[in-house]
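**Q** Throw the hints in and build the complete structure from the sequences for me.
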Amino acid sequence: GAVVSQHPSRVICKSGTSVKIECRSLDFQATTMFWYRQFPKQSLMLMATSNEGSKATYEQGVEKDKFLINHASLTLSTLTVTSAHPEDSSFYICSAIRTGGADTEAFFGQGTRLTVV
Amino acid sequence: QKEVEQDPGPLSVPEGAIVSLNCTYSNSAFQYFMWYRQYSRKGPELLMYTYSSGNKEDGRFTAQVDKSSKYISLFIRDSQPSDSATYLCAMSPYNQGGKLIFGQGTELSVKP
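So the protein sequences, as listed, match chains E and F.
Counting from 1, position 57 in the first sequence corresponds to residue 57 in the numbering used here; the numbering is continuous, with no gaps.
Counting from 1, position 39 in the second sequence corresponds to residue 1039 in the numbering used here; the numbering is continuous, with no gaps.
Since the hints were derived computationally from the structure, they do not count as laboratory data.
Be aware that one or more of the hints could be misleading.
Unchecked claim - Derived lysine-lysine pairs resembling BS3-like cross-links, with alpha carbons at most 25 Å apart:
1. K66/E - K1099/F
2. K20/E - K66/E
3. K14/E - K1111/F
4. K1099/F - K41/E
5. K1099/F - K20/E
6. K1099/F - K55/E
7. K20/E - K64/E
8. K1042/F - K41/E
9. K1111/F - K41/E
10. K1099/F - K1002/F
11. K20/E - K1042/F
12. K1099/F - K64/E
13. K1002/F - K41/E
14. K1099/F - K1042/F
15. K41/E - K1070/F
**A** What follows is the structure, encoded as structure tokens:
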């Protein structure tokens, strides 16, 4: 299967600072990527849709000014958590969408565990 | 009511047992149904997907979709300790690679 690399896998930051998470599709181009958040023992909740070359689309209740998404190339999307607070501590996962012929498939990164202290 | 309901478990079975995992959903527009496996602190990996109703088999895994009951299942035959993971169902009205609505995930433990 295709490879999606997410970096860093784990980060601890102080309250009030910003953290950037990268999502790269290593062997295919992805016009669309998605960002999810997962709390312990909870489902993946979609935060936003990241489209290359255009503004991200945020789900209801997700603050776009807090969670900045940049999809500057067909292989890279970044999520920046600005002015992080302890309640932002979570597992953040990206997926990159590969389209080919009649098939469309989502490939997930390995996730980033963010801890805000 | 959540769009997708899944019993979080945990579910513990002996090695070799048949495992049945299930999800129910409320949105009749869902057409694509996926099962993902997630190991601890890792991203989900796709196990199987099914379009509309019916059964699909892949090795020890069988996925079933009953759209009339809004109910999907994943069966694992001859379960192995390496199957221990969290299993997430996911659904979409559009395709298997778009915006996905996930169930909570069922934590499975297969004991040797």
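**Q** Holds or violated: are the alpha carbons of K1099/F and K1002/F at most 25 Å from each other?
**A** Holds, at roughly 16 Å.
**Q** Holds or violated: K20/E and K66/E, Cα atoms, limit 25 Å.
**A** 12 Å, holds
**Q** Under the criterion that the straight-line Cα-Cα distance not exceed 25 Å, is the pair K41/E, K1070/F satisfied?
**A** Roughly 24 Å between the alpha carbons, so the hint for K41/E and K1070/F holds.
**Q** Does K1042/F sit within 25 Å of K1099/F, going by the straight-line distance between their CA atoms?
**A** At roughly 20 Å apart (the allowed maximum being 25 Å), K1042/F and K1099/F satisfy the hint.
**Q** Can you confirm whether the C-alpha distance between K66/E and K1099/F stays at or below 25 Å?
**A** 21 Å, holds
**Q** Check whether the Cα positions of K14/E and K1111/F lie no farther apart than 25 Å.
**A** With a Cα-Cα distance of about 40 Å, the restraint between K14/E and K1111/F is violated, given a limit of 25 Å.
**Q** Does the alpha-carbon distance linking K1111/F and K41/E stay inside the 25 Å limit?
**A** Status holds; Cα separation ~21 Å.
**Q** Within 25 Å, alpha carbon to alpha carbon, are K1099/F and K20/E?
**A** 23 Å, holds
**Q** Given the hinted pair K1099/F and K55/E, is their Cα-Cα distance within 25 Å?
**A** It holds: about 16 Å lies between the C-alpha atoms, which stays within 25 Å.
**Q** Within a Cα-Cα threshold of 25 Å, do K1042/F and K41/E meet the stated pairing?
**A** Roughly 13 Å between the alpha carbons, so the hint for K1042/F and K41/E holds.
**Q** Would the hint linking K20/E and K64/E be met if the CA-CA limit is 25 Å?
**A** 14 Å, holds
**Q** Compare the distance between the alpha carbons of K1099/F and K64/E with 25 Å, and conclude whether the hinted pair is satisfied.
**A** Within the cut-off at roughly 18 Å; holds.
Comparing the model with each earlier hint shows a violation of hint 3 alone; every other hint is respected.
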